[in-house]
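Asks: Sequence:
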Amino acid sequence: MFDPISAHDTRKSASHPLRQSIINLVRAVGKLRASSTSSATPSAATPVSPLSQLTAVIDVPSSSLDHVSAALSELYIHVVTPHPPSEPQPGGEVKNDAHYLLTSLALFTTHEPCIMCSMALLHSRVKEVFYLIPMTKTGGCGSLTCVPRLEGVNHRYTVNVWKHAGAWDTSEWVKESGLAVEEACDA
1 MFDPISAHDT RKSASHPLRQ SIINLVRAVG KLRASSTSSA TPSAATPVSP
51 LSQLTAVIDV PSSSLDHVSA ALSELYIHVV TPHPPSEPQP GGEVKNDAHY
101 LLTSLALFTT HEPCIMCSMA LLHSRVKEVF YLIPMTKTGG CGSLTCVPRL
151 EGVNHRYTVN VWKHAGAWDT SEWVKESGLA VEEACDA
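FYI, the numbering for the sequence shown is 1 to 187, going by the working numbering.
Read the hints as simulated data drawn from the structure, not as lab findings. Honestly, I wouldn't trust all of these hints.
Straight-line Cα separation of at most 27 Å, DSS-like style, residue types lysine-lysine; simulated pairs [to be verified]:
# : residue 1 : residue 2
1 : Lys163    : Lys31
2 : Lys127    : Lys137
3 : Lys137    : Lys175
4 : Lys31     : Lys137
5 : Lys163    : Lys137
6 : Lys175    : Lys163
7 : Lys127    : Lys175
8 : Lys12     : Lys31
9 : Lys31     : Lys175
The following label-pair restraints were derived from C-beta to C-beta distances [stated by the list, open to error]:
#  : residue 1 : residue 2 : range
10 : Lys137    : Glu176    : 16 to 24 Å
11 : Glu176    : Ser13     : 21 to 29 Å
12 : Ala34     : Ala106    : 15 to 23 Å
13 : Ala180    : Thr103    : 19 to 27 Å
Heads up, the beta-carbon is just placed ideally off N, CA and C, and yes, glycines get one too.
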């Protein structure tokens with residue numbers, strides 16, 4: 001079995017508005033698969049964030065990430081369990097540079113992906129997405145719109161919302177665990 005891959009949001013630290021955790025994750029899977037196609041056997045996945053099982057939704061100091069990690073304990077955030085890379089074509093190349101494809105993979109995240117990230121997941125052919133915290137103003141998996149259910153899209157993926165301790169309202173837990181998002185991020 002492969003280890004999970006994780007990624008975190010680097011919009012602030014990279015000073016780049018598109019470096020959201022899901023986009024970083026798709027890029028990391030692509031890099032892993034691209035490097036695996038040059039070897040005879042696929043290598044085990046490696047974490048691409050400082051924390052192997054945790055992804056921050058916003059840039060925060062590492063000491064704060066430890067607090068969030070403890071709060072989430074058994075939950076994995078932005079974790080993809082990779083399968084072997086796409087079958088190499090003659091000559092060792094993956095057809096159509098399909099390294100970024102997440103076909104048959106599940107993605108787990110704390111916060112609902114925004115519309116841009118939801119479309120990136122659709123484009124990369126993810127199988128299913130699980131999230132805990134809805135993003136009512138920017139969510140692309142059901143809160144504002146549901147990208148995989150839009151008319152005319154050429155791929156669908158399953159969207160699942162986790163319940164924390166059997167409750168739909170997670171607002172108190174989100175505040176206590178340090179996972180609250182600034183209002184400007186969900187606007």
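Asks: Hint by hint, say whether it matches the structure.
Replies: Hints, one by one, checked against the model:
no. : hint                        : verdict
1   : Lys163 x Lys31              : violated, 33 Å
2   : Lys127 x Lys137             : holds, 24 Å
3   : Lys137 x Lys175             : holds, 18 Å
4   : Lys31 x Lys137              : violated, 32 Å
5   : Lys163 x Lys137             : holds, 20 Å
6   : Lys175 x Lys163             : holds, 16 Å
7   : Lys127 x Lys175             : violated, 30 Å
8   : Lys12 x Lys31               : holds, 22 Å
9   : Lys31 x Lys175              : violated, 34 Å
10  : Lys137 x Glu176: 16 to 24 Å : holds, 22 Å
11  : Glu176 x Ser13: 21 to 29 Å  : holds, 25 Å
12  : Ala34 x Ala106: 15 to 23 Å  : holds, 21 Å
13  : Ala180 x Thr103: 19 to 27 Å : violated, 33 Å
When each numbered hint is compared with the structure, violations occur for hints 1, 4, 7, 9 and 13.
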